[in-house]
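> Here's the letter readout for the chains.
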Amino acid sequence: MIVPYSHILMFAGILFAMGIFCAVARRNLIMMLIGVEIMLNAAGLAFVAAALRWQQLEGQVFVLFIFAIAAAEVSVGLALIVYAYRRTGSLDPETYNILRW
Amino acid sequence: MTVYGAVFYILAGVILIATGLAITRRNLVHSIVYLVISFFGSAMLYYLFGAPLLAALEIIIYAGAIMVLFLFIIMMLRVEPSALRKPTLRQWLPAGVLGLIYVAVAILVVTTDPGSQTILETALARPRVFGRFLFQRYWLSVEIVSFLLLIALVGALYLGKAFVKEGGDQKEDQS
Chain A
0 MIVPYSHILM FAGILFAMGI FCAVARRNLI MMLIGVEIML NAAGLAFVAA
50 ALRWQQLEGQ VFVLFIFAIA AAEVSVGLAL IVYAYRRTGS LDPETYNILR
100 W
Chain B
0 MTVYGAVFYI LAGVILIATG LAITRRNLVH SIVYLVISFF GSAMLYYLFG
50 APLLAALEII IYAGAIMVLF LFIIMMLRVE PSALRKPTLR QWLPAGVLGL
100 IYVAVAILVV TTDPGSQTIL ETALARPRVF GRFLFQRYWL SVEIVSFLLL
150 IALVGALYLG KAFVKEGGDQ KEDQS
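Protein chains in written order, with numbering that gives the first Met the number 0: chain A, 0 to 100; chain B, 0 to 174.
I should point out that these hints are in silico values taken from the structure, not numbers from a laboratory. A couple of the hints might just be wrong.
[Stated by the list, open to error] Residues of chain B placed beyond 10 Å of chain A at every Cβ, according to the derived structure:
hint, residue
1, V32
2, S37
3, A50
4, I60
5, I72
6, M75
7, I106
8, V109
9, R127
10, R136
11, G154
[As the list claims (entries may be wrong)] Quick look at which bits of chain B chain A covers, simulated, 3 or more residues with Cβ under 8 Å:
hint, region
12, 6–14
13, 19–26
14, 40–46
15, 63–71
16, 111–124
[To be verified] If you want the ones that stay clear, here's a sample from chain B, every Cβ over 10 Å from chain A, calculated:
hint, residue
17, A103
18, L147
19, L148
In this text, a Cβ means the ideal position worked out from N, Cα and C, and glycines have one as well.
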């Protein structure tokens with residue numbers, strides 16, 4: 000006996016909204032990537048709770064794939080950030096407004 | 000409310016507070032540490048929802064690998080503390096109104112669904128059962144994901160290598 004499924008969905012939704020806020024409102028590329036991580040984590044929580052509600056293992060399988068996607072996204076994203084930082088010397092996304100080398 | 004329910008609400012509060020602190024800190028290292036706390040709480044929630052293997056993977060991958068990667072990058076780059084973006088009223092008013100409409104609709108949908116009010120029963124998917132299920136039904140997806148990870152590895156290597164080459168060329172040009 001845990002809690003109603005709706006409470007878990009609300010909780011995951013609030014966490015997802017926090018991720019959106021972090022990705023939109025911070026002036027830093029690394030914090031934007033962290034916001035995406037928070038959103039993926041919230042989606043994973045909703046998936047596991049759904050797996051528990053319907054007693055199906057598919058939800059947990061998809062959380063495993065979400066982990067893999069998050070790892071791939073972070074590695075490529077951080078490599079891109081390091082590359083852009085070496086080119087421009089700044090992490091502020093508003094300095095990346097020139098579409099040429 | 001049972002013990003499990005109390006545990007869920009405590010963990011949810013801790014996660015929300017830690018994430019809220021993480022996304023508002025000016026210092027990036029502080030926000031990473033708060034985020035590690037948040038992911039530990041998420042791992043305990045996974046365990047509470049009957050997924051012990053995913054709980055272990057959450058700690059290993061999220062709180063371990065990804066956060067350490069972020070810490071390395073923050074230490075490598077010279078990051079100045081960044082402020083919040085301050086949009087004007089005209090910019091955030093439409094977004095805020097649309098977001099509030101979505102929140103209202105979501106609360107309506109979730110609360111009026113009769114099935115969502117039933118209290119969840121505790122269950123446990125043992126790692127052996129989970130792994131057997133994964134590799135019997137979703138082995139192709141596992142292979143595709145492994146391919147995706149390989150491509151990400153190659154991409155990260157290429158991005159790191161391409162700059163070294165061009166940087167060397169630039170130096171030669173300058174001299």
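> State for each hint whether it applies.
Hint check results:
Look at V32/B: its CB is around 12 Å from the nearest CB on chain A, clear of 10 Å, so calling it non-interface holds up. At the 10 Å boundary, the C-beta of S37/B falls inside the reach of chain A, the nearest C-beta of that chain being 8 Å off. A beta-carbon of chain A is positioned within 10 Å of the beta-carbon of A50/B; the least distance is around 5 Å. The beta carbon of I60/B is not kept farther than 10 Å from every beta carbon of chain A, the shortest such distance being approximately 5 Å.
Annotated as non-interface, I72/B brings its C-beta within 10 Å of a C-beta of chain A; the closest such distance is 5 Å. Not every Cβ of chain A is farther than 10 Å from the Cβ of M75/B; the closest lies at roughly 7 Å, contradicting the non-interface assignment. Residue-level check failed: I106/B sits 8 Å from the nearest beta carbon of chain A, not beyond 10 Å. The Cβ of V109/B sits about 5 Å from the closest Cβ of chain A, inside the 10 Å cut-off, so the non-interface label is violated.
With a least CB separation of 12 Å from chain A, R127/B remains clear of the 10 Å interface cut-off, as annotated. Here R136/B does not stay apart from chain A, with its beta-carbon only about 8 Å from theirs, under the 10 Å limit. For G154/B, the non-interface assignment is contradicted: its Cβ lies about 5 Å from the closest Cβ of chain A, within the 10 Å cut-off. Coverage of the region 6–14 of chain B by chain A holds. Counting CB-CB distances below 8 Å, 4 residues qualify, and the rule asks for three or more.
Coverage of a stretch by a chain is defined here by at least three residues with a beta carbon nearer than 8 Å to that chain's beta carbons; for the region 19–26 of chain B and chain A the count is 3, and the condition holds. Under a criterion of three residues with beta carbons nearer than 8 Å to beta carbons of chain A, the stated coverage of the region 40–46 of chain B is upheld, 3 such residues being counted. For the region 63–71 of chain B, the stated coverage by chain A is satisfied: 4 residues place a CB nearer than 8 Å to a CB of that chain, which reaches the threshold of 3. Residue count for the region 111–124 of chain B with a Cβ under 8 Å from a Cβ of chain A: 11. That meets the three needed, and the coverage hint holds.
A cut-off of 10 Å between C-beta atoms confirms that A103/B is not in contact with chain A; the least separation is 12 Å. Against chain A, the non-interface label of L147/B is violated: not every CB pair exceeds 10 Å, the least being about 5 Å. Residue placement check: L148/B does not keep its beta carbon more than 10 Å from all beta carbons of chain A (closest about 5 Å).
Hint check: violations occur at hints 2, 3, 4, 5, 6, 7, 8, 10, 11, 18 and 19; the rest are consistent with the structure.
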